[in-house]
Amino acid sequence: MTRMLELRNVNSFYGNIQALYDVNLYIDPGEIITLIGANGAGKSTTLMTVCGVVQARSGQVVYQEEEITREAPNKIVAKGICQVPEGRLIFPELSVRENLDMGAFMRNDKDGIKRDIEYCFDLFPILAQRRRQPGGNLSGGEQQMLAIARALMARPRLLLLDEPSMGLAPLVVRQIFDIVQKINKESGTTIFLVEQNANLALKIGHRGYVMENGRIVLTDTCDKLLADESVKRAYLGL
Amino acid sequence: MEYFLELFFGGLTRGSIYALIALGYTMVYGIIELINFAHGEIYMIGAFTGLIVAGLLTMLGFPGISILAIALVCAVIWAAAYGYTVEKVAYKPLRGAPRLSPLISAIGMSIFLQNYVMLSQTSDFLPFPELVPKFGFMKHFGSMLSSSELVIVVATVLVCVGLTLFIKYTRLGKAMRATAQNRKMAMLVGINVDMVISATFIIGSSLAAVGGVLIASHIGQINYYIGFIAGIKAFTAAVLGGIGSLPGAMLGGLVLGLTEAYATGYVSSDYEDVFAFCLLVLILIFRPAGIMGKDKIQKV
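So the sequences go chain by chain: V and G. Mapping to the numbering used here: the first sequence position 138 is 138, numbers consecutive. Mapping to the numbering used here: the second sequence position 261 is 1261, numbers consecutive.
FYI, nobody ran anything at the bench for these hints, they're computed from the structure. A hint or two may mislead.
To be verified - Result set (DSSO-like, lysine-lysine): computed pairs, CA atoms no more than 30 Å apart in a straight line:
#1 V:K79 <-> G:K1184
#2 V:K75 <-> G:K1174
#3 V:K203 <-> V:K185
For reference, chain V alone in the conformation it holds in the complex:
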């Protein structure tokens, strides 16, 4: 079976500061993978390296058997990898509808885009109500929904989610995680979920990776990680 994504001995830097050390991980098609770890462990950098915003200094990023380590970010999006970044990064002065249109920037099929916008409005009815409001006026939870919907507009095969629970009320977090699972089940979109909320992330994921100081220190199925004593102590507060 071809892997959806594979990182082989990836080392990434910000200037002279090394953020990732020999990161190895893989994702199979249709999986939900979670990457958990503390603040500053290198989780977001891992996603940015996949997207090409940060380029790996050594190692390989392989997407569907094709190396994309040195590709430009816009080329990587065109291949079907889409990220919902940390902090959501909504375009504040564009309306909800225009934000969704921006998500479909690489596409030209007008009918398909229209259908996908309707699909997103079905998935997140609140966005339909607010379609004409500027993105900056939405609440945190609504912005997170908009960010996910915007990513879906690119019809990704691999969806990268960076801390979708950050700063949100538990009920909203629950709602968003349900929808993430729904997206995975209904359209078979592979999901790479980065979270500090390890408890929730490990409950919806299939396999998980634990990151510390830029290194992958542990990997297993999510059930086993949930039961692991060291994970319990460090990340679940048990």
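With chain V's structure known, arrange chain G on it following the hints.
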């Protein structure tokens, strides 16, 4: 009353030119938060290109109005090439550097271009031919409004409307707005940000070149230093209107042009800059973000 209107049209003409240049400042600032101090020099290079092309065509015996059209097109292309190159040479390598570095690079570029034109052309004032023909129907306006003033104002209005539609409706325009609002996210939705930045410099430079040729033909002389003064004034206009905002730059240019015209007409031409910069100080005291500028509030 006639004097008042004469000043009004004079101010409108000046304001139009300021607006054309200010758009370049504000667009670049909106996208990469850099004050492109070399922008005034691009305007000057546009005017020089217009002069050279107009001289050549006159020697070859082209009719009047076609000289204006061809000179404008050549100036736009040549200035756009300069704007594009300046960005690639002086700013792009400093994309990740602290904000002061590209600013210093911009000032260096400005000084370099000025001296380069001074050495390759001359430091004297050169006469610029009047490229706009005298329209017959303009005689009703007497001394209030000349043909070239009319052309400048109409051209500016057309350019502003065109630019507004371009930004709002085209794919590249949308990409520019998205990049201005959040560059990282623009990358993540697949926008080629380098391409957007280059396009911004090309468009801004083209507008400045249009302004350069038209005003040079109106005033009748140019030298290598015109870009510095026009650049400072247009930058003032951009700040006045709210830097980063396109309608702000247009409005700022007009307000500044009219203020200068009336200060010159009713007080003394010695005081034109005093009034212009007093206005800037007042606006910055009462509306620090400029007339159309928005205070940035970030929601987390």
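Taking the hints in turn, this is what the structure says about them:
Simply put, K79 of chain V and K1184 of chain G have alpha-carbon atoms about 18 Å apart, close enough for the 30 Å limit, and the pair holds. Distance check on the hinted pair: K75 of chain V and K1174 of chain G sit about 19 Å apart at the alpha-carbon level, within 30 Å; holds. Straight-line distance between C-alpha atoms of K203 of chain V and K185 of chain V comes to about 15 Å, which keeps the hinted pair within the 30 Å bound.
Figure legend: structure checked against the earlier numbered hints; every hint is met.
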